[in-house]
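A.B. asks: Now for the letters of each chain:
Protein chains: 2
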Amino acid sequence: MQPLSSLLRIDKSDRQPVYLQIANQLTDLIRTGIMQSGYQLLSSRQLAEAMDIHRKTVVRAYDELLAQGWLESRAGSGTYVATHFPEIKPQPISNGGKEIPNTKKIAGFSFEDKPYLRRAVLKSMTSLRLDDGFPDPRLAPLEELSRAYRTQLLTGNSYVKLGYGDTFGAQWLRQELSAYLNETRALKTLPENVLITRGTVMGLHLACTGLLKKGDNVALGELSWSSARMNFIQAGANIFDIPSDEYGIKVDAIEAICQKQPLRLLYVTSHHHYPTTVALRADRRLQLLALSEKYGFIIFEDDYDYDFHYLSKPLLPLAGADRAGMLLYCGSFTKTISPAFRVGYLVGSENVINHLAQIRRIIDRQGDNMLENAMAELLQNGIIQRHLRKSLRTYRQRRDFFCDLLKSELGNYLDFQIPDGGMAVWTRFDPKIDLGTLSQKAHQKDLYFSDGADSNTLSPKLNSTRLGFASSTQDELEQSVGIIKKLLEQSS
Amino acid sequence: MQPLSSLLRIDKSDRQPVYLQIANQLTDLIRTGIMQSGYQLLSSRQLAEAMDIHRKTVVRAYDELLAQGWLESRAGSGTYVATHFPEIKPQPISNGGKEIPNTKKIAGFSFEDKPYLRRAVLKSMTSLRLDDGFPDPRLAPLEELSRAYRTQLLTGNSYVKLGYGDTFGAQWLRQELSAYLNETRALKTLPENVLITRGTVMGLHLACTGLLKKGDNVALGELSWSSARMNFIQAGANIFDIPSDEYGIKVDAIEAICQKQPLRLLYVTSHHHYPTTVALRADRRLQLLALSEKYGFIIFEDDYDYDFHYLSKPLLPLAGADRAGMLLYCGSFTKTISPAFRVGYLVGSENVINHLAQIRRIIDRQGDNMLENAMAELLQNGIIQRHLRKSLRTYRQRRDFFCDLLKSELGNYLDFQIPDGGMAVWTRFDPKIDLGTLSQKAHQKDLYFSDGADSNTLSPKLNSTRLGFASSTQDELEQSVGIIKKLLEQSS
Numbered sequence: 171m172q173p174l175s176s177l178l179r180i181d182k183s184d185r186q187p188v189y190l191q192i193a194n195q196l197t198d199l200i201r202t203g204i205m206q207s208g209y210q211l212l213s214s215r216q217l218a219e220a221m222d223i224h225r226k227t228v229v230r231a232y233d234e235l236l237a238q239g240w241l242e243s244r245a246g247s248g249t250y251v252a253t254h255f256p257e258i259k260p261q262p263i264s265n266g267g268k269e270i271p272n273t274k275k276i277a278g279f280s281f282e283d284k285p286y287l288r289r290a291v292l293k294s295m296t297s298l299r300l301d302d303g304f305p306d307p308r309l310a311p312l313e314e315l316s317r318a319y320r321t322q323l324l325t326g327n328s329y330v331k332l333g334y335g336d337t338f339g340a341q342w343l344r345q346e347l348s349a350y351l352n353e354t355r356a357l358k359t360l361p362e363n364v365l366i367t368r369g370t371v372m373g374l375h376l377a378c379t380g381l382l383k384k385g386d387n388v389a390l391g392e393l394s395w396s397s398a399r400m401n402f403i404q405a406g407a408n409i410f411d412i413p414s415d416e417y418g419i420k421v422d423a424i425e426a427i428c429q430k431q432p433l434r435l436l437y438v439t440s441h442h443h444y445p446t447t448v449a450l451r452a453d454r455r456l457q458l459l460a461l462s463e464k465y466g467f468i469i470f471e472d473d474y475d476y477d478f479h480y481l482s483k484p485l486l487p488l489a490g491a492d493r494a495g496m497l498l499y500c501g502s503f504t505k506t507i508s509p510a511f512r513v514g515y516l517v518g519s520e521n522v523i524n525h526l527a528q529i530r531r532i533i534d535r536q537g538d539n540m541l542e543n544a545m546a547e548l549l550q551n552g553i554i555q556r557h558l559r560k561s562l563r564t565y566r567q568r569r570d571f572f573c574d575l576l577k578s579e580l581g582n583y584l585d586f587q588i589p590d591g592g593m594a595v596w597t598r599f600d601p602k603i604d605l606g607t608l609s610q611k612a613h614q615k616d617l618y619f620s621d622g623a624d625s626n627t628l629s630p631k632l633n634s635t636r637l638g639f640a641s642s643t644q645d646e647l648e649q650s651v652g653i654i655k656k657l658l659e660q661s662s
Numbered sequence: 171m172q173p174l175s176s177l178l179r180i181d182k183s184d185r186q187p188v189y190l191q192i193a194n195q196l197t198d199l200i201r202t203g204i205m206q207s208g209y210q211l212l213s214s215r216q217l218a219e220a221m222d223i224h225r226k227t228v229v230r231a232y233d234e235l236l237a238q239g240w241l242e243s244r245a246g247s248g249t250y251v252a253t254h255f256p257e258i259k260p261q262p263i264s265n266g267g268k269e270i271p272n273t274k275k276i277a278g279f280s281f282e283d284k285p286y287l288r289r290a291v292l293k294s295m296t297s298l299r300l301d302d303g304f305p306d307p308r309l310a311p312l313e314e315l316s317r318a319y320r321t322q323l324l325t326g327n328s329y330v331k332l333g334y335g336d337t338f339g340a341q342w343l344r345q346e347l348s349a350y351l352n353e354t355r356a357l358k359t360l361p362e363n364v365l366i367t368r369g370t371v372m373g374l375h376l377a378c379t380g381l382l383k384k385g386d387n388v389a390l391g392e393l394s395w396s397s398a399r400m401n402f403i404q405a406g407a408n409i410f411d412i413p414s415d416e417y418g419i420k421v422d423a424i425e426a427i428c429q430k431q432p433l434r435l436l437y438v439t440s441h442h443h444y445p446t447t448v449a450l451r452a453d454r455r456l457q458l459l460a461l462s463e464k465y466g467f468i469i470f471e472d473d474y475d476y477d478f479h480y481l482s483k484p485l486l487p488l489a490g491a492d493r494a495g496m497l498l499y500c501g502s503f504t505k506t507i508s509p510a511f512r513v514g515y516l517v518g519s520e521n522v523i524n525h526l527a528q529i530r531r532i533i534d535r536q537g538d539n540m541l542e543n544a545m546a547e548l549l550q551n552g553i554i555q556r557h558l559r560k561s562l563r564t565y566r567q568r569r570d571f572f573c574d575l576l577k578s579e580l581g582n583y584l585d586f587q588i589p590d591g592g593m594a595v596w597t598r599f600d601p602k603i604d605l606g607t608l609s610q611k612a613h614q615k616d617l618y619f620s621d622g623a624d625s626n627t628l629s630p631k632l633n634s635t636r637l638g639f640a641s642s643t644q645d646e647l648e649q650s651v652g653i654i655k656k657l658l659e660q661s662s
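For the protein sequence lines, the chains are Z and E, in the order given.
Just so you know, we're using the working numbering here: the first sequence kicks off at 171 and counts up by one.
Just so you know, we're using the working numbering here: the second sequence kicks off at 171 and counts up by one.
Careful, some of the hints might be misleading.
Any copy, or any two copies together, can satisfy a pair, since identical chains are not distinguished.
[Unchecked claim] Here are the simulated EDC-like pairs of lysine to aspartate or glutamate, each with C-alpha atoms no more than 16 Å apart in a straight line:
1. Lys358 to Asp198
2. Lys182 to Glu353
3. Lys631 to Asp585
4. Lys631 to Asp604
5. Lys655 to Glu579
6. Lys655 to Asp600
7. Lys275 to Glu362
8. Lys383 to Asp283
9. Lys274 to Glu362
10. Lys383 to Glu659
11. Lys275 to Glu520
12. Lys383 to Glu282
Everything labelled a hint here was simulated from the structure, so no lab data went into it.
Kindly produce the complete structure, drawing on both the sequences and the hints.
C.D. replies: The following block contains the structure:
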């Protein structure tokens, strides 16, 4: 065997301490069988001299390995590779003796790929954007939120406040949310009916994990939110696609399914159907509830943008008319504050909420106590409510301004209906326009909008996309539409 | 039919606005078939007079229902229940005509109970506690964290910082963590090998969802963390229990399993075995890695308390010696700061990390950008590292003080080994002592400690429990031991 010092390499510019570099390389030499059980190491003094480092560094490395059992010390004799190791056949150090990183590009085991989870990453780092329908965080009560968070963090009994909490979420927020939902949505909940989540997607994941079995039948709009579809596929559900029209999903199609096989769950965005923004008409709502009772399927009502309705009268959620306990109602603060605040809620019968709270334990244990309590404070003080009134006014103005622009500037290229609520316009482009190319060219001009690939899976192709107006000022909206107009004029 | 006004009830003390109370009750009357299609409602003026409320309130309720399609307005004639409703057979309003809450105790559908997820809720609201091994948040750099969080929230481009981010976690934290893990644990990771999670439990949940199939064989210590076991059961795994001794889990038992059937994954807390606190000896580590390569099973290394080791030389994680890409390494800030800060990490081969980041999308979409960036700042500025050095000193003193106390005051009643690391002592009580009764009596004296039910599932019963020392001052530890001593003296 070569002299020990020649097998070790030290890089003083490395952030890893030298003693750890040595210790790690020594274990590698033992592991690969190059240094066998019983091999006597150089004394720390000898090795330090050979490598021109401080003796203390070598002692520290040896001590480390003695404590771990790699080496053993024999009184008056020196330091040896421990004898309890199995004999290991030396393996050639590949890579020409150079250090091999121990984290890899490709794992040593295989796993089933899940192509249905793959999704183009939306990176809207452009200055301008007509997004999927996100709020404008410049309007959000961030200063108030920051103060409330700080109070939660620094006051009170830190062991209790910063320790493990309830898997249901912070009790204060459950109370405030229950009252808030009862007031604004004509629900009649108790705090026991409310489970705090990390947003709508976790509500879906909990329902899928807790209420679905592999092979269960699940129905949702043929056009609907991709993360809902992904969750149902992951749960092993059989998926039935429901067509929709200008009054929302077609409820007759659901009954047709129920007549042939048991349906376990229906997913619906009743308030503003995603992506087309239309509301589910009242008679269909009634019919849906009646079907759910008759056939015994769960309704998962995703009411992601209830608070953003521009007529004076928002449609009350289905959940308020559910007498049979068939409904799970889901919402979040994503549209209220900003997507980064991962706080949402699930509302349902108490036994279901208890069941899903148990599942919560194995997903992420619990939410963020400090943030949940800060949100509760903002609800109690009416700050969220005031912010909603203010942003609703602003977004209504932006919607009107944007729709006027779309009509006057782009009326020859696209068609749309003015949405009654939400933060985006569902636009249908002229079939001659290639949305993929247009979106790419806009990106080069520092404007992001989606090519609608998620929504154009149907045949014939809809050539549609959502253009969000809420996160841009009127000036930004004008610039954005100007860019699209110029690109369309150039290519026609 | 009774006059409309007699069917409606208004409660002005209710937080729900009166117009919503009316609108909601009207839809109920339609839904239950009491008001049929074509029924003419009182005019808003008539109803307002009959109910002694402002006419505007009634108009608002009617407008709401007109917009939702429950009612229709016929020019010059009045307001009617819409004609497009199917005929509904009137249902008796149960509950003597009183309002029925629309959220229930019991759902209208059934679901499979998951008894393995049920767990007694640990509520440590007592003044004193010897917990499972939690840190003392009174020592944590909360002021610095609060400032960093505030900076993240209020500065920079809010659309980018508070919008949707990467499912991998904040890039800055991935970089800082990669460097930190390389320095402290002799890993050789790149940021691409790091996925930010909400803590160890989410790391497990991601691995279960992404890498296990129903029926896969999984091995873990016969005594181990209950949340790990729950996750494997939920994933439908066949579980093999591995016995352990004073050197950690018995690796020979794992090979015996592999010889009979394919093993997919081994879960191990190599640094300090949970709950017994012993470290996996170096030769067993080697043997484990060799077995993993030979039989192709994944090692999930949960290194929950690596940073808390009281000898000068912590055992390096298995992950540092993994040349074959068989390892997933998992850690969190739970022990560093406090359980409420739900930030952790998974380290693995890049293709596995990419795969698990896709699954992350359907669980909670992403972590808390602001908190993750704040943690990155604290790592970059060395604040976490300084805090770790400081708390390590404090916890070592508390361990020594506590172990001295246990020996001198309770030596007749229990037995233990001084742990080399972690935040709890694994104590074995005299078989004559009933831990359940003792724990309950202590609770009445304002002291919490676990009765060890989670750890006493084996036969013969171990009569053991973990007593955490890190979260209590010396004074609090003295009081706590005093209470236990008094209770034991009284009952003997």
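A.B. asks: Would you mind marking each hint as holding or not holding in the structure?
C.D. replies: So, going through the hints one by one against the coordinates:
1. With identical chains, the CA atoms of Lys358 and Asp198 are at most 16 Å apart between copies only, with a shortest distance of 13 Å across copies and 64 Å within one.
2. Within a single copy, Lys182 and Glu353 get their C-alpha atoms only as close as 65 Å, which misses the 16 Å cut-off; across copies the closest is 13 Å, which meets it.
3. For the identical chains of this complex, Lys631 and Asp585 are intra-copy neighbours only, at 15 Å inside a copy versus 73 Å across copies, given an alpha-carbon limit of 16 Å.
4. Taking the closest pair of Cα atoms, Lys631 and Asp604 come within 16 Å of each other only inside a single copy of the chain (11 Å); across copies the shortest separation is 71 Å, beyond that limit.
5. When the C-alpha separation of Lys655 and Glu579 is checked against a cutoff of 16 Å, the pair qualifies only within one copy, where the shortest distance is 7 Å, while the shortest distance between copies is 83 Å.
6. Proximity of Lys655 to Asp600 under the C-alpha cut-off of 16 Å is restricted to the intra-copy arrangement: shortest distance 13 Å within a copy versus 83 Å between copies.
7. In this homomeric assembly, Lys275 and Glu362 come within 16 Å of each other (Cα to Cα) only across copies, at 9 Å, whereas the closest approach inside a single copy is 47 Å.
8. When the C-alpha separation of Lys383 and Asp283 is checked against a cutoff of 16 Å, the pair qualifies only between copies, where the shortest distance is 12 Å, while the shortest distance within a copy is 21 Å.
9. For the identical chains of this complex, Lys274 and Glu362 are inter-copy neighbours only, at 10 Å across copies versus 47 Å inside a copy, given an alpha-carbon limit of 16 Å.
10. When the C-alpha separation of Lys383 and Glu659 is checked against a cutoff of 16 Å, the pair qualifies neither within a copy, at 52 Å, nor between copies, at 53 Å.
11. Taking the closest pair of Cα atoms, Lys275 and Glu520 come within 16 Å of each other only across two copies (4 Å); inside a single copy the shortest separation is 46 Å, beyond that limit.
12. Within a single copy, Lys383 and Glu282 get their C-alpha atoms only as close as 20 Å, which misses the 16 Å cut-off; across copies the closest is 9 Å, which meets it.
In this structure, only the earlier hint numbered 10 is contradicted, and the remaining ones agree with it.
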